[in-house]
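Those protein sequences? They're chains G and A, same order as listed.
Under the numbering used here, the first residue of the first sequence is numbered 1, with each subsequent residue one higher.
Under the numbering used here, the first residue of the second sequence is numbered 324, with each subsequent residue one higher.
Honestly, the hints are just simulated from the structure, not real lab data.
Even for Gly, the Cβ is constructed at its ideal location relative to N, Cα and C.
It is possible that some hints are incorrect.
[As the list claims (entries may be wrong)] Using C-beta positions, here's what the derived DEER-type ranges look like:
(1) G167/G <-> P601/A: 48 to 56 Å
(2) P457/A <-> E136/G: 14 to 22 Å
(3) E352/A <-> G111/G: 51 to 59 Å
(4) P457/A <-> D90/G: 56 to 64 Å
(5) F412/A <-> P132/G: 31 to 39 Å
(6) D413/A <-> F89/G: 21 to 29 Å
(7) D413/A <-> E19/G: 44 to 52 Å
[Stated by the list, open to error] According to the in silico footprint, chain G covers these stretches of chain A (three or more CB under 8 Å from chain G):
(8) 498-509
(9) 604-615
[As the list claims (entries may be wrong)] List of simulated lysine-lysine pairs, DSS-like, C-alpha gap at most 30 Å:
(10) K166/G <-> K528/A
(11) K216/G <-> K205/G
(12) K539/A <-> K325/A
(13) K216/G <-> K489/A
(14) K2/G <-> K205/G
(15) K528/A <-> K539/A
Residues per chain, in single letters:
Number of protein chains: 2
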Amino acid sequence: MKVLITGGAGFLGARLARELLHRGHLGGENIGEIVLADLYPPPADLAADTRVRAAAGALIAQCVGWRQETFDVVFHLAAAVSAECEANFDLGMRSNLDSTRALLDALRAAGNAPRLVFASSVAVYGADPGLPLPQEICHDTLPAPQSSYGIQKFICEQLVADYTRKGFIDGRNVRLMTVVVRPGAPNGAASGFLSSIVREPVNGKPAICPVPLDMKVALASPARTIAGLIAAAEASREAIGGRIAINMPALTVSVGEMLDALEVAAGAEVRSRVRFEPDAQIARIVGGWPAVFDNTRALRLALEPDPDFLSIVRAYLTERESK
Amino acid sequence: MKVLITGGAGFLGARLARELLHRGHLGGENIGEIVLADLYPPPADLAADTRVRAAAGALIAQCVGWRQETFDVVFHLAAAVSAECEANFDLGMRSNLDSTRALLDALRAAGNAPRLVFASSVAVYGADPGLPLPQEICHDTLPAPQSSYGIQKFICEQLVADYTRKGFIDGRNVRLMTVVVRPGAPNGAASGFLSSIVREPVNGKPAICPVPLDMKVALASPARTIAGLIAAAEASREAIGGRIAINMPALTVSVGEMLDALEVAAGAEVRSRVRFEPDAQIARIVGGWPAVFDNTRALRLALEPDPDFLSIVRAYLTERESK
């Protein structure tokens with residue numbers, strides 16, 4: 001089978017590709033080829049795998065060619081991130097909305113109704129002036145996105161649902177939690193600090209925390225996030241249970257508890273490298289996302305949240321040492 | 324002030340224009356000009372009014388010019404209708420989604436953040452395989468559109484909400500109920516029969532009812548619908564209560580009760596002109612829309628549903644005679 005991953009050279013895309021190559025199969029079929037589409041070339045280890053084909057370039061332009069190419073499974077991860085979209089409205093509309101529509105139309109034109117996993121986001125939720133967020137987010141909570149990124153993700157969910165209903169694709173919308181700990185350099189996501197406050201200190205660098213210690217957030221480790229994407233691709237439509245997006249399992253934790261876990265795993269000196277510099281814009285965006293989720297629907301796909309933040313920090317430290 | 328009505332030559336658009344010209348003002352300001360944008364020229368009575376300017380042509384093309392023209396209030400009613408969008412997916416995406424986006428971008432470019440009333444629809448609701456409809460639709464019920472038309476309307480609501488949040492426009496999303504009785508020829512709406520089963524018999528013609536007598540529907544008269552659009556344009560943001568779309572007030576009635584009212588108003592012979600020919604596609608689309616609504620939020624704008632269907636039939640008969 002042939003798999004396409006958009007954003008395939010990014011953090012999640014590359015990690016997903018490695019996991020798929022390691023497994024060798026998806027949904028009971030051998031993986032013959034993985035196409036990694038991204039603005040950038042994939043990491044060297046992936047580029048070296050004979051099953052990997054790199055497709056570098058802007059997504060909208062690449063979609064023209066995909067109208068004549070068939071894929072069996074598509075993971076659509078490519079996106080401009082939240083703070084970028086808030087700062088540059090047109091960039092977000094192009095990178096998130098127009099690109100997704102071009103991809104959906106290419107898959108429709110190709111004609112084989114491939115399975116598509118769309119990576120949506122917890123950012124679809126927010127407190128509208130006329131609609132406060134409930135204590136716990138459930139399957140049927142009405143999203144009222146309060147950022148352009150969240151709006152674009154929610155719109156794309158609707159497109160995926162309708163292209164699926166029409167039989168053009170077999171799509172599944174999964175809403176990812178904030179993924180922590182992301183390796184590498186900070187990106188433009190408003191939630192980027194949730195990785196920085198662990199990653200930078202353990203690498204001997206200072207980090208800035210722009211929100212109060214008692215702010216609660218909904219997180220998932222990279223490993224659980226990848227497991228969720230694969231489970232969504234492998235599950236039957238019946239197991240998925242409708243076209244409404246699934247919230248991926250969430251670990252609810254306060255920023256203070258995150259730093260406590262960092263101290264347990266890496267020591268007080270490491271923790272002391274985190275400084276506090278309030279940023280109202282970031283606090284508004286990230287603080288506006290809900291922190292507590294009913295995980296029932298994800299549990300039906302055998303997906304569970306990370307047990308605690310300490311295990312996330314330790315997994316990051318272990319991976320870091322293995323490189 | 325200058326008002327733009329898209330779909331301004333259509334049934335609702337022309338009726339709205341007449342009402343505005345009759346009032347002479349909107350939100351406390353005198354109306355100096357009404358631009359009626361439509362594929363077709365406006366009815367003669369409107370074209371003859373010196374305050375009316377006709378702008379005939381495709382909406383997307385007209386939007387280019389509007390980037391340099393400012394309007395104070397915009398009513399965006401232009402749309403391809405439900406059955407059309409289901410039969411021709413690309414037409415719906417272009418007429419409903421692309422056109423709305425072009426309009427929003429034109430208003431943004433014009434730079435005066437005009438008030439915009441977007442006519443959304445009860446068709447945003449539907450029973451997803453994983454999410455049955457509740458008995459009553461409330462303010463916070465999650466829409467799960469089951470038609471391309473409903474998806475496109477729901478997507479446009481999201482765009483209006485975000486363009487409003489960003490300050491590009493001052494938008495309000497109102498979800499219209501099925502408007503009955505529509506005069507003139509049947510259109511491509513799946514709900515068209517709800518007008519035909521009254522309009523055709525009283526005009527001495529046969530009509531076809533494609534659904535069972537016990538199917539319940541949510542209706543509004545043309546007069547109440549126009550009142551709702553104007554109220555949405557005149558209300559403050561605070562009175563509107565957030566960016567979440569408002570469901571317009573709904574009269575819940577069964578098709579059988581509609582025909583009973585027709586018989587009371589026009590006689591048994593008129594009623595006997597309605598034949599029953601089940602149409603599974605129409606029954607699926609219209610039967611999938613909810614019939615019972617919590618009208619609380621509309622009531623806060625002093626908008627009430629029609630008292631009963633008999634009054635709707637009688638109002639139609641009166642208007643018909645006055646022409």
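Now for the hints, and whether the structure bears them out:
{"no.": "1", "hint": "G167/G <-> P601/A: 48 to 56 Å", "in the structure": "24 Å, violated"}
{"no.": "2", "hint": "P457/A <-> E136/G: 14 to 22 Å", "in the structure": "18 Å, holds"}
{"no.": "3", "hint": "E352/A <-> G111/G: 51 to 59 Å", "in the structure": "54 Å, holds"}
{"no.": "4", "hint": "P457/A <-> D90/G: 56 to 64 Å", "in the structure": "38 Å, violated"}
{"no.": "5", "hint": "F412/A <-> P132/G: 31 to 39 Å", "in the structure": "37 Å, holds"}
{"no.": "6", "hint": "D413/A <-> F89/G: 21 to 29 Å", "in the structure": "26 Å, holds"}
{"no.": "7", "hint": "D413/A <-> E19/G: 44 to 52 Å", "in the structure": "37 Å, violated"}
{"no.": "8", "hint": "498-509", "in the structure": "violated (count 0)"}
{"no.": "9", "hint": "604-615", "in the structure": "violated (count 0)"}
{"no.": "10", "hint": "K166/G <-> K528/A", "in the structure": "36 Å, violated"}
{"no.": "11", "hint": "K216/G <-> K205/G", "in the structure": "24 Å, holds"}
{"no.": "12", "hint": "K539/A <-> K325/A", "in the structure": "40 Å, violated"}
{"no.": "13", "hint": "K216/G <-> K489/A", "in the structure": "26 Å, holds"}
{"no.": "14", "hint": "K2/G <-> K205/G", "in the structure": "41 Å, violated"}
{"no.": "15", "hint": "K528/A <-> K539/A", "in the structure": "24 Å, holds"}
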